[in-house]
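Q: Below, each chain spelled out in residue letters.
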Amino acid sequence: MTQNSLSPELLQKAVHSLPEDNLSIMRLEAADRFSNMGFPVMGSEDWKYTDLSQIADLTSQWLNGSMQDNADDHANHNTQIVESVTDIIDAHWIVIRDGAIDSHITGPHGTTIKKISTVNKKIVTGNDAMSVFNAALLRDGIHITVATTLKKPIGILYIDGPASVITQNRAIIEIEEECRLQVVECCLSAGTGKQFTNTVTDFSIAAGASVNYVRIQDRDFGHTSVNRVNALLEKNTIFNHNGFDLGGALTRNDIVTEIAGKDALVNLNGLYLASAEQHIDNHTNIIHTVGPSTSTEEYRGILSGDSQCVFNGRVFVAEGADGTDSNQYNHNLLLSERAEIDTKPELEIYADDVKCAHGATVGQLDESALFYLRSRGLNLEESQRVLTHAFASGTLSKLTVEACYDYLTDLLDNRLELLVGAAR
Amino acid sequence: MLEIENLKATIAEKQILSGLDLSVNAGEIHAIMGPNGSGKSTLAQVIAGHADYEVIEGSVEYQGHNLLELEPEDRAREGIFLGFQYPVEIPGVNNAYLLKAAVNAKRKHQGQDEIDAFEFLKLAKKTMELLDMDQSFLNRGVNEGFSGGEKKRNEILQMAMLEPKLAILDETDSGLDIDALKAVANGVNSLRHSERAIVLVTHYQRLLDYIEPDYVHVLWEGRIILSGDKTLAHKLEENGYEWVRTTVSS
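Residue numbers (this note's numbering), protein chains in the order written: chain A, 2 to 425; chain C, 1195 to 1444.
Calculated directly from the structure, the hints in this document are not laboratory data.
Please note that a few of the clues may not be correct.
What the hints assert, rightly or not - For lysine to aspartate or glutamate, the following EDC-like pairs were computed, each having C-alpha atoms within a straight-line distance of at most 16 Å:
{"no.": "1", "chain 1": "C", "residue 1": "Lys1376", "chain 2": "C", "residue 2": "Glu1406"}
{"no.": "2", "chain 1": "C", "residue 1": "Lys1294", "chain 2": "A", "residue 2": "Glu383"}
{"no.": "3", "chain 1": "C", "residue 1": "Lys1302", "chain 2": "A", "residue 2": "Glu383"}
All values reported here derive from a predicted model rather than from experimental measurement.
Whenever a hint applies, use it, and build me the whole structure from the sequences.
A: The structure is reproduced here in structure tokens:
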């Protein structure tokens, strides 16, 4: 237990070093709570396969050191990285570097985008250790209110700089009744330093509204991130999530959706591509509080090298949530004998009239399909690439934000090329 | 074009081909007939280069070169086409993409430029018309959800686009209703060419009513035990395979 705890004094000191503002009380309370909790310990129920002990070490080192912070170092970041995304995906972009938000953010017409510190509202911290940690060291976050249907997506670009930094990101996104919103989130690295990024995103979706949310994580292979998405759905709402995890040394995603109104629809889709020693852990939790409501989920993974991935899909159907229709699938393609996937469905059903289906597959490339392609003149590597691509296209075809299709296609092309190459 | 001598092949250590001889020249159509388990499909797979089959003796020469040392893709690029008995479904791979990739792999091998997109589409559409195939098949996943007849038509479409020198069609007639059979036969007949050899592997004589072979061979327990012209197929149909065995052994 001790290895994952952080010195309370160190944490308090760090909190006090942040500028005093509307968030100060939240930070101090959270620091107190976190000191009692500590980082999640590997082997505990929710963290069975994912080890954050190095994060605890890294954080201690960073807090002990100068706690250097790149907030004043924007100029050093390569603008090319920003443009590599913003030039291709047409969106209203907000760029956040090492947790620092541009001072002049404004939202397009019908929306308000502010720093959380300037919004006079109590922030819900969350109860899990990583959300509490996020609140303790949060410099600032963004608060978005959407009262219209925008043509273009809102883009959030998180960039981690080259230095060793511990970063907390937080986004609160509120969609008003009957509005439709597209959000593209890109997480990239501007260097190869050892970083840890902890991000919390909250969606609250008012009656009749819908959200199409695409999250693309393509960070440096030395990077560690913990990412939590909470979505609260009122009646007649839709939440589409498409997650793409390509980078990072260790990545943990928790996607928690709560259906609080009738006739809501949750679609969670994810693709994870892991090679070498990468570790990608997806935990999803779909809570059907009321029925009728529907959730579908399909996560796909392609693993090579010594990579390890985790999929844990929890579906909770509360008592009385009759008419719940839920299905969940996890498909994995292993390109290496050493790669490992731990996949687990977790259904908890307390209602009577419920349809719940789930399934998981783990396999290699189909030999007969490989031979078929080779017999048509495609060489072995090309055939492997084509089949691997076909597997990934199962997720790409579910993409709900058209604006990032080209960007993702290119990204996946390049990444799959590497993955297949490395598998040989 | 194709010279097979004393070919012996095994799968999972079970011997299927036991000294097969066959000689095929350009411009010829050969039918290989035989009962189930006689080795027809094994022969087709060995020529195409399937790794599960091991050649333990004998030789296969194609255009004067040892075919057995080539990878499957190199055999294809050198002009060998296998029409599969059970074409593989590949969801997520677009039919047009595969056709184009296959055509370009061969063109590249021959030092030609990639096929122009317009030319490709024109050729594909023309061939599909001949095969009575809807153009929507181009944009579907390879064989994904195709009926038996559609899969076989798709094989012939690939064959037509690839213009092979040697085509082996493995049970192309199996599972086809009469309309599909006619369409497939039509396609194959349109591909008859003085520089192309076609080997039809079939269980039944029916296909040969529509595609007339120059030679008919009977495969029995891994060897060709009887060869003749197209009339042999009719005799087989009348008398059954047991008749061949008694004829040959007497």
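Q: Each hint needs a verdict: does it hold in this structure or not?
A: Here's how the hints hold up against the structure:
1. Lys1376/C / Glu1406/C: 13 Å, holds
2. Lys1294/C / Glu383/A: 13 Å, holds
3. Lys1302/C / Glu383/A: Distance of about 14 Å is within 16 Å: holds.
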